[in-house]
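K.L.:
Okay, here's what each chain looks like letter by letter:
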Amino acid sequence: MGDIIFEDFNVNFETRKQNVKSVRDMNLTIKSHKITGIVGESGCGKSVLSLSILGLLPDYAKTSGNIYYDNKDITALANRVREKYLGREFGYISQNPSESLSPIRKIRKQFYESLDLVEKNKAEIEKKSIEILKELGFEKPLEVLDKYPFQLSGGQQQRVLTGIAISSSPRWIFADEPTKGLDENIKKDSLELFKKLRSFGIDSTLVITHDIDFAKNLCDEVMVMYSGQIVEMGIDVLDNPKHPYTKGFIESMPSKGMKIMEGKTLSPTEDIRGCRFANRCGCKTKRCDLESPKLYNYENSQVRCFLYDKGE
Amino acid sequence: MNKILGKLSIIVLIIILLVSIFANIISPYDPNFQDKENRLSGFTQEHKLGTDPLGRDMLSRVIYGGRSSILIGVLATLVSMTIGSGMGIISGYFGGRLDKFITSITNIFQALPQMAFTIAIAGVLGPGIKNLILALVISSWAGFSRIVRAEVLKVKEEPYIEAMVYLGSSDLSIILFHIIPNIMPNIIILLTTRIGRSLLSIAALSFLGLGVQPPNPDWSVMINDARLYYRSYPYLIVVPGFSIFITILSINTLGDYLRDIFDIRSEEII
Amino acid sequence: MIKVSNLDKSFGDKKILNDINFTLKSGEILSIVGDSGSGKTTLSKIILGLIKPDRGQIIYEGVDLVNLGKKDFKKYRKDIQIISQNPSSFFDPSMKLGRSVIEPLKNFKLKLDDEKLKDLIEEFKLDEKVLARYPHQVSGGEIQRLSIIRALLLEPKILILDEPTSMLDISVQAQILDILKRIQVDKNMSYIFISHDMEVVEIFSDRVLNLKNSKLI
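Chain order of the listed sequences is A, B and C. Per the working numbering: the first sequence = residues 17 to 328. Per the working numbering: the second sequence = residues 112 to 381. Per the working numbering: the third sequence = residues 18 to 234.
Using 27 Å as the maximum straight-line C-alpha spacing, the simulated DSSO-like pairs for lysine-lysine come out as follows: (1) C/K204 with C/K92; (2) C/K142 with A/K33; (3) B/K265 with C/K62; (4) A/K33 with B/K114; (5) A/K143 with A/K211; (6) A/K33 with C/K113; (7) C/K198 with C/K146; (8) C/K142 with A/K263; (9) A/K78 with B/K114; (10) A/K156 with A/K211; (11) B/K267 with C/K32; (12) C/K113 with B/K265; (13) A/K275 with C/K198; (14) C/K198 with A/K280; (15) C/K88 with B/K211; (16) A/K212 with A/K47.
These are computed hints drawn from the structure, not numbers from a lab.
Could you put the whole structure together from the sequences, leaning on the hints where they help?
P.N.:
What follows is the structure, encoded as structure tokens:
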């Protein structure tokens, strides 16, 4: 119960000139009661994947395949039903806290709005929001409620946004690039914040990020995404990378010496027969051009690379 | 939906333009020919849209009737756009005292209610096409100036304009190659809506006897001519009124459509 | 190469820069680090001559740039260029990238050397097709490479790198910093590298200045 299961799921963005395939043949289970991280670089499809769970894709996105949640195919639900249903079950913390909070409303109002589905009594809401804000480290929560977003710092805004997301006690929290554009010291607070979610009874979290250190310190399970596909997933992917892309990606970190991974990601408009990383890969063989690798089990990971195909 | 309407409006406007240009070929009669036997004939074989109190063929007059209005409207709007945009660009780009000076002048012009202002100028200058254009330009350039100035202020703050400074561009080339192309979409949208408004003003002024003069066949003149008879012969007012209505509606729809087209460029995938 | 002394700048009551002193030697990469709001961007704008400081000198080739008028400054403008952190907003959205890249050459009445442009495009591992695109049609990494090419065509002596990779993926960051370093060595240029990422700074630069509370330490 509570797992999110993708079955042959695809997302295309069709324009007059081209067909951008953002998510390709996704077969995946994101387990509940865990903090899962989807790690990847811009354009790999990680945000599109999370938006498709939430039903927030733009109208011109075309999807095929299914996403199951609690044995229900949520892609088959009508928009209104889905919104209502998912509003209770899923909380979303978007990329840019300052843009996701309404600039002309006090924080108090924004709490009311988000709790509208579950709680009508304003005194109750106020009590609850004060409790949450206190837990999140605000010393004077009552004062925060009476402030406008611009009166808060970036880190505070993120905490408020998180508070609003968890106030309706969802089962899942989705966070899109929570550390993007934050200063180094605020990043640390952000990590603490996400670790704290468990104490609010929310133990299923999906974090989308490009920040390897952040994912490594936070997540129970990490999935690495590249060019619309999961290339590697497991519990110690970032400590013990196996896929050539994951290795290259980690080695390009400044703390690992900024080694260069040559080449450019295949365009999402391009379809090829073989492995989508082959054009940049140092371990490329003939097979990589001819055949598309599946996810192979290796130690405690699953890796999309023929190096780990033991011919099962 | 907007797309279909937008394309439809372009087709309609092209038809109106072609009809006006080739009026002498299309129209069945001379617009000023008086068929004395068939006055106020109603819709007949010979006169498809009937005749007016002097026996002139309504269809021919409607075909000719767009000519002067459209020409005057487009010309006047283009002139006020040029003057207004020039002023707006200068005042927005250079700022300072020049900006204050130009802004106060535009404020004075803007403070006067436009219709009354146009009528007053047209009244002082007297009737006639040249004066009509002059009146329209004087009363409407300030609107362009204000909007263009605001657009320039917005674009001027963009980092790529600042970048051109250390990349060595002169003020003139910044204005010509970077400011104008980036505010052009908005100017064009503004232009279409303003042409619509000018046509309306021309119709009103002509109706008041300050614009196009009879016996010139013009939609607004036709409406004016029909004042005494329209209760018994409503088609006298409906036919030219409908022509004005369709033209202005199409122009405004086109403006909306252009806004959508120009928006697409800023829309990004993913 | 360039000597900055006693630089002060305030906006209103807020002191952004307070008595900044440093010298950039020829052929070195000097890093200036500091948190957001410590005045890094203001400092680079002053060196570029976009804003005037309240006090202080910037000596370049024996001339104090601060006191130069617009016309006299033009002579030195080409020598000092900047790469910013958000290159897509530094290209005119209505102009094709190819035209944007060569436009500054015309401004300084320099001839376009097709070979040189081709070499740079190759060196930066770009596809020539990007020149025919508009800024919103290319990736962040590509447009950053183009903005560096645009600056390098002018053959500047000093390049200010204002967090040039903070918006980019780390694998792209590694690629771009690598090319920048190679070019710096090849052409014996001087870089001022502005950053908040200490790890990158340590790998990339020769010397580090820390800008804190609007002072260098």
